[in-house]
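K.L.:
Sequence:
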Amino acid sequence: MSKIGKKIYSLAEKLFPITRSITGSGVRKTLDIIKRELPNLIINEVSTGEKCFDWKVPKEWNIKNAYIVTPDGKKICDLSGNNLHVVSYSIPVDKKISLNELQKHLHSLPKMPSAIPYITSYYEESWGFCIADEDRKLLKEGDYHVFIDSTLSDGSLTYGELLVKGKMKSEIFLSTYVCHPSMGNNEVSGPAVTTYLAKWIESLENRRYSYRIIFIPETIGAICYLSKNLDIMKKNIIAGLVVTCIGDDRSYSFLPSKYGDTYSDRVALFTLENYQPSFNKYSFLDRGSDERQYCSVGVDLPVCSIMRTKYWEYPEYHTSLDDMNLISVDGLYGGYDILKKTIEIIETNKTYVATTVCEPQLGKRGLYDNGKHASNIQDRVRKILNFLAYADGNTNLIDLSIITKIDYFELVSLADLLIEKELLETCSER
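Under this note's numbering, the letters of the sequence shown match residues 1 to 430, in that order.
It is worth saying that the hints were derived from the structure and are not from the lab.
No residue lacks a Cβ here, since even glycine has one placed at the ideal position from N, Cα and C.
Incorrect hints may appear among the rest.
Here are the simulated DSS-like cross-link-like pairs (lysine-lysine), alpha carbons at most 25 Å apart as the crow flies [as the list claims (entries may be wrong)]:
id, residue 1, residue 2
1, 74, 35
2, 74, 29
3, 235, 340
4, 111, 64
5, 7, 405
6, 104, 140
7, 167, 281
8, 281, 165
9, 281, 169
10, 350, 421
11, 167, 74
12, 340, 421
13, 199, 29
14, 7, 235
15, 405, 281
16, 35, 350
Quick list of simulated restraints, FRET-style, between CB atoms [unchecked claim]:
id, residue 1, residue 2, range
17, 100, 280, 38 to 48 Å
18, 142, 199, 50 to 60 Å
19, 286, 362, 27 to 37 Å
20, 94, 296, 36 to 46 Å
21, 399, 419, 35 to 45 Å
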C-alpha cells in the first residue's frame, strides 16, 4: 500500500467523526486539523448576514446534544452515536410528543432499511431526526421525549484558503468542501486528498503556476468566496478542479465544465483517457457540487471534476453507509494520483520549437549509435525524430502525445534531453 495513501486515510479518519455543517465549530475544528498539515492555510470568517451575490451568509449553527427517549425509556437517534441522526440546522427542541407527531419529524429510507439518511434544513427553521427504517418500524405508540440542544445565532461562515505562488501569476484552482458530517467518499475523501495534493504542490521547487486552494462549505461557501474574489479569479485561473467523492475504489468519473471546452476539460480527459481509461463520463447536466457555482452565468471559470464514484451514483450516497469502510487506502491514493497527474500535465504542457532546419544529425550529439541495432535504441531514436518533427511551435505536449502515441511523461523527459542537447527550445508559456 502507498505511504501517501495511508497518510491520506489517516487524515480522513481524524476528520470523519466531526459533526459538521455549513457553519459552526465543526467546520473550525476540521480546518484546524487541516492547518496542522498545511501551516500556511489562512482561516477566514464571514459574518452572518453578509450579502454574497443573491445570497446572505446564514446564522451560525452549533449542536451539543440530541436524542429521542422512547415511552419505555430507551434512548434512540442519539447524536453521540451517529451525527447523521439529527437534521442539520435543526432548531432547539425539548418536549414530549406523540408517535403520530414524531413521525412528521422523522426521515428514513424504506429501500435502504439499515441506513441513516443525511438530511439538511439550512434555510428553513425546523427540526428533525434521521433513523434507520428498520428501527422506525419498531416504534410503538406512546409519548416520546425529543431533545435537541442546538443554537442558531449570529456568527460567521468559516473557510480555509491556501495561496501558493509560482513563477507565473496564472493560477490552478482546487476547491473542496468541509461541511458534511460523518461520511467517507462524499465528505472526508475530498479535504483529505486535497490536503496532500497541497502538501505536494508546496514541495515543488520550480512551480510554473500559482495555486489557489480552498476548503469551503459547499454551495454557500463557494458563492461567498466568489463574491470576494471573482475578479482576480477570472483574471488568473487557467484551470480548476472540484475535489469530491475521491476515495472509493469502484470507478473513476469525469464531469465537465458547462460546455466541456475549457483547458481543464481537455487536460482532465486526456489524463483519464491515458491513465484510467475505464472511467465514466458525465454531462454538466449531471452536476451537483460546486461546479454549479464556478460555471454559473457571470462566473464561467474553467472548472471541472475528476472523481472516483460520482455523487448520486452509488447507493450509500448521503447515508450512514458511506462510512470509512466505503473508502480505502488504495482508493484514496488512486484519486490523489490521478489528480496529481492532471496537475503535473498542466504544469509541464509546453509548446516547443526545433532549433535546426531539416532533420538534425543525432549521432554527433550522442543520440544515435550506428554500432547498435537493439530494438529499444531504434525505438528511442524514432521517438526523438517524431518529437522533433512536430516541434514546430504550434504543437504542445498533449497534442504531441496524441499524435505520436508516446506517453506524455516520456515526452517531458525527452524534451529535457533535447533542450540539453540544444535541439529544442521552449516556444511559449501558456
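K.L.:
If a hint holds in the structure, say so; if it does not, say that too.
P.N.:
Verification of the hints:
At roughly 40 Å between alpha-carbon atoms, residue 74 and residue 35 are farther apart than 25 Å, so this suggested pair is violated. With a CA separation close to 31 Å, the supplied pair residue 74 and residue 29 exceeds the 25 Å bound. For the hint linking residue 235 to residue 340, the alpha-carbon distance of about 24 Å falls within 25 Å, and the restraint holds. Only pairs whose Cα atoms come within 25 Å are accepted, and residue 111 paired with residue 64 is rejected, the gap being roughly 31 Å.
Between residue 7 and residue 405 the CA atoms are separated by roughly 35 Å; this puts the pair beyond 25 Å, and the hint is violated. Distance hint between residue 104 and residue 140 is fulfilled; the C-alpha atoms sit about 15 Å from each other, no more than 25 Å. Between residue 167 and residue 281, the direct Cα distance comes to roughly 33 Å. Violation of the 25 Å bound is thereby established for this hinted pair. Of the supplied pair hints, the one linking residue 281 and residue 165 is violated, its CA atoms being roughly 32 Å apart against a limit of 25 Å.
Our distance criterion of 25 Å between C-alpha atoms is broken by residue 281 and residue 169, whose separation comes to about 31 Å. Distance restraint check for residue 350 and residue 421: the Cα-Cα separation of roughly 18 Å lies within the 25 Å cut-off, and the hinted pair is therefore satisfied. Distance check on the hinted pair: residue 167 and residue 74 sit about 62 Å apart at the alpha-carbon level, beyond 25 Å; violated. Taking the CA atoms of residue 340 and residue 421, the gap is about 29 Å. The hint is violated against a cut of 25 Å.
The hinted pair formed by residue 199 and residue 29 meets the criterion: a straight-line CA distance of about 20 Å does not exceed 25 Å. Taken as a hint, the residue 7 and residue 235 pair is broken in the structure, with Cα atoms around 35 Å apart against an allowance of 25 Å. Distance restraint check for residue 405 and residue 281: the Cα-Cα separation of roughly 22 Å lies within the 25 Å cut-off, and the hinted pair is therefore satisfied. Among the hinted pairs, residue 35 with residue 350 is inconsistent with the structure: their alpha-carbon atoms are about 33 Å apart, more than 25 Å.
Roughly 44 Å separates the CB atoms of residue 100 and residue 280, a value that falls within the hinted 38 to 48 Å. A hinted range of 50 to 60 Å for the beta carbons of residue 142 and residue 199 is consistent with their spacing of about 54 Å. In this structure the supplied range 27 to 37 Å is violated for residue 286 paired with residue 362, their Cβ-Cβ distance being about 49 Å. For residue 94 and residue 296, the hinted distance range of 36 to 46 Å is satisfied, since their beta carbons lie about 41 Å from each other.
For the hinted restraint 35 to 45 Å between residue 399 and residue 419, the CB-CB distance of approximately 18 Å leaves it violated.
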